[in-house]
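Chemist: In terms of the working numbering, the sequence shown has 106 at position 106, counting the first letter as 1, and numbering is strictly consecutive.
Worth double-checking, as some hints may not be accurate.
Here are the computed lysine to aspartate or glutamate pairs in the DMTMM-like style, where the Cα-Cα straight-line distance is at most 25 Å [what the hints assert, rightly or not]:
id : residue 1 : residue 2
1  : Lys199    : Asp34
2  : Lys199    : Asp77
3  : Lys38     : Asp239
4  : Lys185    : Glu198
5  : Lys188    : Asp112
6  : Lys209    : Asp112
7  : Lys199    : Asp112
8  : Lys79     : Asp28
9  : Lys185    : Asp206
10 : Lys200    : Glu116
11 : Lys187    : Glu76
12 : Lys166    : Asp131
13 : Lys179    : Asp162
14 : Lys47     : Asp239
15 : Lys74     : Glu163
16 : Lys107    : Asp124
17 : Lys59     : Asp226
By construction, these hints were calculated from the structure, which means they are not laboratory data.
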Amino acid sequence: MNELDVIIVVIFLIITTYVVMQAISSVDKQVKIDFDSKGVEQQLEAKQFSGLSLKDIVKIGFKFDSRYKYSMDKVEDDKTPRSLALSIENVSNKTDREIYLYIYWDKSTLTDHENESRRVIHLDGNKQLTDLIPPKTQLPSPVSPGMKFGGNLTAEELLKLDEAKKILEPTTPILNISKIKATSKNKKVPKNVREALEKKLSAFEDGDKPLKFTLLLMLQLRDLTDNVAIEEFRSIRCDFTMTAMPWHDQLPWNPKK
Numbered sequence: 001m002n003e004l005d006v007i008i009v010v011i012f013l014i015i016t017t018y019v020v021m022q023a024i025s026s027v028d029k030q031v032k033i034d035f036d037s038k039g040v041e042q043q044l045e046a047k048q049f050s051g052l053s054l055k056d057i058v059k060i061g062f063k064f065d066s067r068y069k070y071s072m073d074k075v076e077d078d079k080t081p082r083s084l085a086l087s088i089e090n091v092s093n094k095t096d097r098e099i100y101l102y103i104y105w106d107k108s109t110l111t112d113h114e115n116e117s118r119r120v121i122h123l124d125g126n127k128q129l130t131d132l133i134p135p136k137t138q139l140p141s142p143v144s145p146g147m148k149f150g151g152n153l154t155a156e157e158l159l160k161l162d163e164a165k166k167i168l169e170p171t172t173p174i175l176n177i178s179k180i181k182a183t184s185k186n187k188k189v190p191k192n193v194r195e196a197l198e199k200k201l202s203a204f205e206d207g208d209k210p211l212k213f214t215l216l217l218m219l220q221l222r223d224l225t226d227n228v229a230i231e232e233f234r235s236i237r238c239d240f241t242m243t244a245m246p247w248h249d250q251l252p253w254n255p256k257k
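Could you build all of it, start to finish, from the sequences and the hints given here?
Modeler: Right under this line is the structure:
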């Protein structure tokens, strides 16, 4: 190989590397969200009501897309969930007890990345509220034996008023990554807090440590089997993780799990 051939090969490699890097940088940043269903199953098995394990009374699930686009800079470009799609099934009809479930929204909380508690708001089927202000109180949602409940919920602080439509809807993600970044760059925030947030974001983007949030779901259980109502509350902790996916996850031959 003469000197000209070497130069051609070097130029080719430089151009190829540049094209590949440009292609990688143009790929949307994506995350996957996982629900710790095993943790919930363990809680349901351990907790009792009216002589039954909760796993014989209730089933809890959440629905997510396989991937979500996220943005570190613009909240409007962040497509991660602004609400959670919850499903609850009352399976007590398979037992010898007549147990009714009630979802107590006002006693439930949804945390942010710093584990700060936020009031839960039950949304309508369009993931919004036909109102001008958040409700002061919310009626519990009943789930009769053998029946299923499906609905959406969000944190109260995420609701914003659409004055034209006269509705409230969540306009920012449950985990607002761009807000975390903005806080980490805010000189008014103590240096140790900024450094901790920068470290958290770096570990998140590198895929080393996911961001976390939690729904503490409050249920009331009512046993009417013997015509004498027995009522008790049980809280169920639902943990979620948001993991940043590597760029090659979006290659067409990569299965989305």
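Chemist: Would you mind confirming whether the straight-line C-alpha gap from Lys185 to Asp206 stays at or under 25 Å?
Modeler: Holds: Lys185 and Asp206 sit about 19 Å apart, inside 25 Å.
Chemist: Within a Cα-Cα threshold of 25 Å, do Lys188 and Asp112 meet the stated pairing?
Modeler: Judged against 25 Å, a Cα distance of about 21 Å means the pair holds.
Chemist: Verify the proposed pairing of Lys209 with Asp112, using a straight-line Cα cut of 25 Å.
Modeler: At roughly 16 Å apart (the allowed maximum being 25 Å), Asp112 and Lys209 satisfy the hint.
Chemist: Lys74 and Glu163: Cα distance at most 25 Å?
Modeler: This hinted pair holds, its Cα atoms lying about 23 Å apart.
Chemist: Between the alpha carbons of Lys185 and Glu198, is the straight-line distance 25 Å or under?
Modeler: holds, 8 Å
Chemist: Taking 25 Å as the top limit, are the C-alpha atoms of Lys47 and Asp239 close enough?
Modeler: holds, 17 Å
Chemist: Between Lys38 and Asp239, does the CA-CA distance stay at or below 25 Å?
Modeler: holds, 10 Å
Chemist: Between Lys199 and Asp77, is the straight-line Cα distance small enough, at 25 Å or below?
Modeler: Roughly 23 Å separates the two Cα atoms, so the pair holds.
Chemist: Holds or violated: Lys107 with Asp124, Cα cutoff 25 Å?
Modeler: holds, 18 Å
Chemist: Can you confirm whether the C-alpha distance between Lys187 and Glu76 stays at or below 25 Å?
Modeler: holds, 24 Å
Chemist: Hinted pair, alpha-carbon criterion (25 Å max): Lys199, Asp112. Please report holds or violated.
Modeler: The given pair, whose Cα atoms are some 17 Å apart, holds under the 25 Å limit.
Chemist: Holds or violated: Lys199 with Asp34, Cα cutoff 25 Å?
Modeler: Judged against 25 Å, a Cα distance of about 22 Å means the pair holds.
Comparing the model with each numbered hint stated earlier shows that all of them hold.
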